[in-house]
Structures are given as C-alpha cells and as structure tokens.
Amino acid sequence: MSIEVTGISKSFGSFRALNNVTLTVPSGELVALLGPSGSGKTTLLRIIAGLEQADAGSGAILFHDEDVARRDVRDRHVGFVFQHYALFRHMTVFQNVAFGLEVAPRKSRKSVADIRDRVRELLKLVQLEGYADRYPSQLSGGQRQRIALARALAVEPKVLLLDEPFGALDAKVRKELRAWLRRLHDEIHVTSVFVTHDQDEALEVSDQVVVMNEGHIEQIGTPEDIFHHPATEFVMRFLGDVNQFHGRVEAGHVHLGDVALPGLLAPEGAIDSATIFVRPHDIELDTRRNGHPVVEATVRRVYSAGPISRVELVMQTGQELAVTVPHDRVESLHLNTGSAVFVKLRRARVFA
Amino acid sequence: MAISAHPHPHNPSGRVLRPAIQESALVRRLLIGVSVVFLVTFLFLPLAAIFAEAIKGGSKAWIIGLADPAAWSAIKLTLAVALIAVPLNLVFGLAASWAIGKFDFIGRNLLLTLIDLPFAVSPVISGLVYVLLYGAHGWFGPWLQSENIQIIFAVPGIVLATIFVTFPFVAREVIPLMQEQGTEEEEAAITLGAHGWQTFWRVTLPNVKWALLYGVILCNARAMGEFGAVSVVSGHIRGKTNTMPLHIEILYNEYNFAAAFAVASVLALLALVTLAAKAAVERYSLSAPATAPAEPILIVSNLTEEPAR
Chain A
1 MSIEVTGISK
11 SFGSFRALNN
21 VTLTVPSGEL
31 VALLGPSGSG
41 KTTLLRIIAG
51 LEQADAGSGA
61 ILFHDEDVAR
71 RDVRDRHVGF
81 VFQHYALFRH
91 MTVFQNVAFG
101 LEVAPRKSRK
111 SVADIRDRVR
121 ELLKLVQLEG
131 YADRYPSQLS
141 GGQRQRIALA
151 RALAVEPKVL
161 LLDEPFGALD
171 AKVRKELRAW
181 LRRLHDEIHV
191 TSVFVTHDQD
201 EALEVSDQVV
211 VMNEGHIEQI
221 GTPEDIFHHP
231 ATEFVMRFLG
241 DVNQFHGRVE
251 AGHVHLGDVA
261 LPGLLAPEGA
271 IDSATIFVRP
281 HDIELDTRRN
291 GHPVVEATVR
301 RVYSAGPISR
311 VELVMQTGQE
321 LAVTVPHDRV
331 ESLHLNTGSA
341 VFVKLRRARV
351 FA
Chain B
1001 MAISAHPHPH
1011 NPSGRVLRPA
1021 IQESALVRRL
1031 LIGVSVVFLV
1041 TFLFLPLAAI
1051 FAEAIKGGSK
1061 AWIIGLADPA
1071 AWSAIKLTLA
1081 VALIAVPLNL
1091 VFGLAASWAI
1101 GKFDFIGRNL
1111 LLTLIDLPFA
1121 VSPVISGLVY
1131 VLLYGAHGWF
1141 GPWLQSENIQ
1151 IIFAVPGIVL
1161 ATIFVTFPFV
1171 AREVIPLMQE
1181 QGTEEEEAAI
1191 TLGAHGWQTF
1201 WRVTLPNVKW
1211 ALLYGVILCN
1221 ARAMGEFGAV
1231 SVVSGHIRGK
1241 TNTMPLHIEI
1251 LYNEYNFAAA
1261 FAVASVLALL
1271 ALVTLAAKAA
1281 VERYSLSAPA
1291 TAPAEPILIV
1301 SNLTEEPAR
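Chains A and B are the protein sequences, given in the same order.
First residue of the first sequence? That's 1 in this note's numbering, and the numbers climb one at a time after it.
First residue of the second sequence? That's 1001 in this note's numbering, and the numbers climb one at a time after it.
It is possible that some hints are incorrect.
Unchecked claim - Below, in silico cross-link-like pairs of lysine to aspartate or glutamate (DMTMM-like), each with a Cα-Cα straight-line distance of 20 Å or less:
1) A:K175 to A:E204
2) A:K158 to A:E121
3) B:K1102 to A:D72
4) B:K1076 to B:D1104
5) B:K1102 to A:E52
6) B:K1056 to B:D1068
7) A:K158 to B:E1187
In case anyone wonders, no lab produced these hints; they're calculated from the structure.
Chain A on its own, in the form it takes in the complex:
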C-alpha cells in the first residue's frame, strides 16, 4: 500500500507547522521523516494517520490511489506506535495486543480462540511470548515498545506509522531495537513511516529519508544520497558534524585565503563571499606541502581517545577547523598542540 501526500498544509493558530508538503512513500518501504523538533514531522505523521486534520483546502492524502483525507482514523487501517508507547495501563499485555481485534465490528470479529492464537503469534514475533499476563508497568521501556508494535500489527494495518518509536529509550536499547525493527520490516514488508530526530537512526534503518525543516521538505533520498549529496545547507548541517566558514568569491571560484578551492564553483548570485561547508573526515592533513593547493594551519588541540582522532586547527586566515583522522596518522605526523600543518579540503561544498 503506497502513501501519497500532495500539497498538505497545517497551521496551529499563527504557527505554520506544514507548508505545502508533497511526498510519496512506495509500497512496502520503510521511510524515515527526519528533522529537528518543530520541523513538522510528527504533525505530518499524525495527519497521515488521521489523528490530525490538514488545513481546509489543502491537498490530498492517498492510500494506494484512494483519497483518505476525509476518512475517519478508525477506517484508515493504520497502525500507530507512540513515542511513550500509550499502552493501556490497566490491561495485561495480552489484553493490549488483543484490543484491536476485540473492538472490531461483530460481523468481522474473530472468534475468541482465533484472537488468542493471533495474539500468541504476535507476541512470538516481538519475542515476548512469556509476558502475556504482565501489566505494562512491569515491563522495561524496550519491551513496552515491542508490545505497542505488536498491538499495532494485530489489526493487520495497511500502513505502519511510528512516532519517535525509540525516543524514550536509552542509547543501548535504542540501537538494538532499531536493528531489530529493520529485520522485522524485512520480514513483514508493511509500508512504514517513522519519525525521528536522530540522523543515525534514520540513516541506519530506512530505505528512504525525508529531511524536514520548518514545515517543508528539504530533501528526499536514500541514506547514502542524503549523506553524501546533501541538497541544501540545512541537510549538510543536520546530518553529522560540519565545518563552516566564509570564503571569497573571485572570478566564479571560491577561495579560502589565497587558495582557490578546486572544482568549487561559486553559487549563482554570490557576489564576493560564500559559506564553505566541509565534513571533518573530508579533510587531509600533512606536515609537508605536496604540490596540491593547501592552506596553512596550526594545531590547537588533539583528542585522540578512540579509534578516530579529532584535531582542532586554527587556519592562517584565523578560522577554526575540526578534522577527524585515523589515530595512527596523528602518530605518524607527530601532531601536537602547536604543530604546523597543511590542510587539503578533499570535498568542500557551497550552497546557493
């Protein structure tokens, strides 16, 4: 079941949460909505679910070419997983998972025995078979979220929507659970959209990443695409660490100090200055000039605990720069506070 969102807008009072958002989620894919808080990602998810209504007169929401915008939540057949689980606290795990099956209209309701079998099957799927009689308060966060997922899957939703599903969990459990979610999705292939503000999570789990900012979509693409070919300044800054400094524009090329950065054409409309973006791992350091156009810099500090060392530099232009290099490179170059180095920007970007 594909999801198509066309031209959706949503305002809360004078705050514009979504501005003319258009998005297609292909059938069977796992798509991440990634953005900082307030970017509108949760609002978009809730509108797709039907928990929130888009502004009157704004676009359509299609589930497999069928407009569901005017359809009630309970008739959209979505599975929704909440950040804080929203398990029914007065019900056991079994009753929670069975809920959707038990409230079904009489004519389409399964028999008691079938419901029991289905719940068992789901508990097995989320690896919590022995927990049927527990109450949510007796489970850990990760277990609760898996029960919430089983509960959502019980009604065989056409679409699975997850709102910051791992947001309330600690780092270790979060990592385990997201790998598990990816494997689960490979198993059941239900079209899924999940919201996150954690770029690692989005890049690791999803087939497609939708980067959102201030109510609009910045970029849609595969995790590799988004990371290696950011389309906008915002995407560049949001996905991982980045160095950012001013460069001069001269004859259509961007210069850092006296050095023209190769292949870096000035964006259209840039008269005399442009902002240069470089990821810390896209920088090479050497203690000798080796023919390439390089910038001179002084080491201010070396952080070398860990597999990758982080070097802080001050360039001769006075601008600061953070670089990550393998630890043995730091050793072979004998980098210390005060060392003079030559910097080569392997891949720098400017945005219009």
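Chain A is already provided as a structure; the job is to place chain B on it using the hints.
Only chain B this time, still in chain A's reference frame:
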C-alpha cells in the same frame, strides 16, 4: 556516595549520624505530641462524645430515639437525597472531567471556575438562590404554583440544594488525573478501530475508576451531612422535609438530648463507614495496576533488558 550512604558504625566524632532530613528525637516527639493533642481535642473527643451521649441513657433510650417516626423519616430522606444527588453528580462530574481533561475548547477555563463555585459560596447562599428561583415569590414561583409543582419547602428543593453543594467533588477528583493521563491511550484505541463509546468504556473509564470512586465517596459524605443549604429550602416540616442534620438540630433545640444524640450517632456512623470506604479505595487503588506509578522501581530492577535477537 558509598560513604554518606553507609555511615561507619564507629565514627570518631561520636555524633549520631542521621539522614539530612531527619529531625532530632526531641523535635520529632514534640511534633507528634502536638498533632496528637490537637486531633484528640478537636476530632476524637467530640466524636466520642456523640457516641457516649447517645448510649448514656442505655440502649432503650437510643432505640426509642430512633424509633420515632420523624427520626426514621429523616434517615430515609437523607439516604434518598444522597441516592439521587450522588449518581447525578457522578454523571455530571465525569462528563465535565472528560470535556476539560481531554479537549481544548472555548470556555474551558470558565467551566473549570464554575465547577468550583459551590466551594466558594456559603451554603446558605446556595439555598437562598433556589428560594429566589423557585420560591412562592421567586422567578418561576407563580408558574410552578399554577402547575401545582412544589419545589421549595419540599423534597425536590432539598435534592436541588444538595446537588448544588456537592457539585465539585467528583469533577475535582477526576479532572487532574485525566489531564495528567493525556489523550494518547484514547488515540491508540481509535487507531486500533475502537469507536468513541468503546474507547470510553474500555480505556478512559477504567483509567480513572479509583479517582471516580473516591470522588463519589466524598460527594456522598457531603450529601448526607449538608446542613446550611438544605436548611434554607427545607421548611423543617417534621417527618416530611427534615434530613438527619436538620432533625438533629430540631431535637437539640427542643432539649431532647437523648433522641438528638441517638440520631447524631447514626449520622456519625454513616460518616465513619464512608471514611472506611475511602481508606479501602485508597489502598486498593495503590495496589491496582491502573493507577500504579509508571515505573515501579522494585519490579523493573529485576528485569534486565532482553537483547533483541
């Protein structure tokens, strides 16, 4: 951490180490002593006096006091009024809490303030308002008279005044809980296909049932004990429009102390039963999963996070 948490038994200074919030034995005894003296003087002694006075003349006098048809009628009326007022306020309180706790609408704060009105105004005024509206010279008085409906100085007036006075009890208990619980569980229920009614019965109501019961008990206690508002609208017709508190006052004013304390002891007994019920609800609600704290530390600490396979 370890040092401050486990003071060394042989600490060299010789001073007794104690947790920072613990007061010295003298201060503790003083505080407890003051509380006990206060409670005994102002609460326990008067209560004991009621029962002592009631049985002073022996069980025979007590039975005679209660066997009086007027006393019996007062007991029945009191129970009947509570039986009408409490369910009505249960329904109203639940509806108002649902609206206020789960939805955002224009006039929400006004409604919240109005619910508190009966707490704020004197019960006498509550009674007078009904006289003003439904009394013989009140706004609707002539019409009611022409239709031969009597509200003031009759049972309907007593019921109305009682409902007014006990208005806030249920709502005040349930609203904070509903606000705290938010709407996520309801949202989960409707995404799973539940209709409004199913959501209410299966999710919303079970989550507030203990608070609701608590509110009902408080509401009942006040409904049975209300004096001021009821006194204004009742008319004090012996055997007809006297509730227990009113009847006790009349007996007392007639120097019929034995009978007054006999009825008073029954009313006090009803109050004690209500208190016991309240304590039981508190105890059960704490052990029930519905209102148990989200993270019962003792239980969770026994569970280790299962690695996702």
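Hint check results:
Restraint check: the Cα-Cα separation between K175 of chain A and E204 of chain A comes to about 10 Å, which is no more than 20 Å; the hinted pair holds. The hinted pair formed by K158 of chain A and E121 of chain A meets the criterion: a straight-line CA distance of about 19 Å does not exceed 20 Å. The hinted pair formed by K1102 of chain B and D72 of chain A meets the criterion: a straight-line CA distance of about 19 Å does not exceed 20 Å. With a C-alpha separation of about 42 Å, the suggested pair K1076 of chain B and D1104 of chain B falls outside the 20 Å cut-off, and the hint is violated.
The hinted pair formed by K1102 of chain B and E52 of chain A meets the criterion: a straight-line CA distance of about 15 Å does not exceed 20 Å. Restraint check: the Cα-Cα separation between K1056 of chain B and D1068 of chain B comes to about 18 Å, which is no more than 20 Å; the hinted pair holds. Restraint check for K158 of chain A and E1187 of chain B: the C-alpha separation of about 18 Å stays at or below 20 Å, so the hint holds.
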